[in-house]
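A.B. asks: Residues per chain are reported as follows:
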Amino acid sequence: MNTVFALATVVIKELYRRKDFYVLFVMTAVITLVMGSVSFFNDPKIVRYLKEICLLLIWISALVIAIGTTARQIPAERENRTIFPLLAKPVTRGQVVAGKFAGCWLACALALLMFYVFFCVISGTREGNWSLLQNFQAFWLQCAMVGVVVALVLLGSVIFTAPSSNATISFVVVIGILLLGRHLNQVALHQPEPLRTLVYTIYFLIPHLEWYDVRDFVIYDQGAIAWVDCLLATLYAAVYATLLLFATWLVFRRKPLNL
Amino acid sequence: MRRIFHPILILILLLAATFSLATLVQPRAQGWDKRGKSGNVLTLLLGDSRRMFANHFFVKADVSFHSGYYPSIFDQAEKPKGSGHMTSEEGSPEAEEHERKMSFLGEPRDWVERFGRHFFITHHTHLENGNEREILPWLKLSAELDPQRIDTYVVASYWLRNRLGKVSEAEEFLRQGLRNNPNNYELLYEMGCLYNENYHDSSRARHIWELALRRWHEQEPAKKEPDLIDLDKITIHLARLEEHEGNWDRAIEYLEAAMKSSPNPDVLRQQIEELKAKQRDPKTAKESSRG
Chain A
-17 MNTVFALATV
-7 VIKELYRRKD
3 FYVLFVMTAV
13 ITLVMGSVSF
23 FNDPKIVRYL
33 KEICLLLIWI
43 SALVIAIGTT
53 ARQIPAEREN
63 RTIFPLLAKP
73 VTRGQVVAGK
83 FAGCWLACAL
93 ALLMFYVFFC
103 VISGTREGNW
113 SLLQNFQAFW
123 LQCAMVGVVV
133 ALVLLGSVIF
143 TAPSSNATIS
153 FVVVIGILLL
163 GRHLNQVALH
173 QPEPLRTLVY
183 TIYFLIPHLE
193 WYDVRDFVIY
203 DQGAIAWVDC
213 LLATLYAAVY
223 ATLLLFATWL
233 VFRRKPLNL
Chain B
200 MRRIFHPILI
210 LILLLAATFS
220 LATLVQPRAQ
230 GWDKRGKSGN
240 VLTLLLGDSR
250 RMFANHFFVK
260 ADVSFHSGYY
270 PSIFDQAEKP
280 KGSGHMTSEE
290 GSPEAEEHER
300 KMSFLGEPRD
310 WVERFGRHFF
320 ITHHTHLENG
330 NEREILPWLK
340 LSAELDPQRI
350 DTYVVASYWL
360 RNRLGKVSEA
370 EEFLRQGLRN
380 NPNNYELLYE
390 MGCLYNENYH
400 DSSRARHIWE
410 LALRRWHEQE
420 PAKKEPDLID
430 LDKITIHLAR
440 LEEHEGNWDR
450 AIEYLEAAMK
460 SSPNPDVLRQ
470 QIEELKAKQR
480 DPKTAKESSR
490 G
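Top line first, the protein sequences correspond to chains A and B.
Throughout the first sequence, residue numbering follows the working numbering, covering -17 to 241 in sequence.
Throughout the second sequence, residue numbering follows the working numbering, covering 200 to 490 in sequence.
Keep in mind that a hint or two might mislead.
Stated by the list, open to error - Partial list, computed: chain A residues near chain B (C-beta under 8 Å): (1) V181; (2) Y185; (3) Y202; (4) W209; (5) D211; (6) L213.
What the hints assert, rightly or not - Derived DMTMM-like pairs: lysine to aspartate or glutamate, alpha-carbon spacing no greater than 25 Å straight-line: (7) B/K259 / A/D25; (8) A/K27 / B/E424; (9) B/K423 / B/E368; (10) B/K300 / B/E455; (11) A/K27 / B/E368; (12) B/K259 / A/D203; (13) A/K237 / A/E59; (14) B/K300 / B/E312; (15) B/K259 / A/E109.
No lab work stands behind these hints, which were simulated from the structure alone.
Note that the Cβ used here is the ideal one computed from N, Cα and C, for glycine as well.
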């Protein structure tokens, strides 16, 4: 466990040394503040458009940070040949996978925490309603989703040769699930056999990341989600992340480390 | 060796060159601005694709009006058509039809869908208690991107003057619409409503509605499918105004015109009969006018 934690700490340090997070955070803050300064029909109470823009930027930034950070972890270790001294510590390949996952996930969670604190301050001061419970649920569910994304990208990094191709494919898959995941069963029903069975199978196999996008509840003040549902969704994400990490380990343990 | 090109001389030369170029480019740059109808940066940058974005923002206003409960592209068949539901009164046939169309979710097909419904909004509501203001930024953006989209001005004006008490803002926005779309009868009709209902200036409202009616007759009859709904609205409003002012002949005239476009001509026929009765008996008419 200490080995995994030590590996995770290195990844977290890497995140705050790199400029990705700072650039995305400043960009989100500047766009939100500029949009917030615009007056629409002399009504200072209008706030939902601002929450919507800010949350959209947070989601984009979180995906960029999660996929960007994770995609280069294992390929960078192999390219710089630092993987050899690392495995000679001795550290098992399973611990490398677990450490990289824990590091990337915690780093993304930390970045998300900063984003949500900013969001809470902006929406709370403008609206006069802090909605801490709703914001915490949105933050937690997004953290759970990022966990699945990190595990997925980690699997991609041991399958695909270049980090760029892994990042691109991961973006397409994740955005595809977020946009279409909820409707695949509806699409399947309109297809002839055997396409219907195929689409339905994909529908049941993919991790339903769209569940974790509860921005509408926050934007439109629709109250909190039941804690049981949050817990079940967290368990679902944990099962998928474990499954993907196990698959990563299966591929990685037999993979030659020389480029 | 003596330097021939002193840096200051080069700098002066470059300044002279930029000044000369500026005098050449400036008149042309003004010409570039004129190419875009509104002449703003968005028009220059996005070209005609801005209309697509404008449509997106108009739909965004509708999504906001429904607090996020809205059919996706996969539920397109049930998607609300037009913007009538955004300005319809509760209990009206239009509102009831909209309510029926918005129950598009149905029963969940599987456990994934059943559980997934805990994480998105599944009940149909409309903004109320002043929260209608939240749709305004999207409408403003939509109008900036596509100044020729009439719905945007009409819907924004309706909410501004009827629910948010911002009559002068509504008037200003309608005037912006009229500057971008001179002679548009829908905007003139809405402006007439604003003067009649909010400023209680019936004389000005009459002139604007009469202008709207003239514009309708100039633009619509030649079309394959003329906009009869708006003709009905304009003539009925003019008839009500004339009735209120005691001009029975004019009121009957407008109601007869409205009968040609109305979906309920029998109701109008009955109203014409009532007006004729009032006309025959001026005493009753005066009393009903006072009432």
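A.B. asks: Under the constraints set out in the numbered hints, which ones does this structure not fulfil?
C.D. replies: Hints 1, 4, 6, 8, 9 and 10 are the ones this structure does not satisfy, whereas the remaining hints hold.
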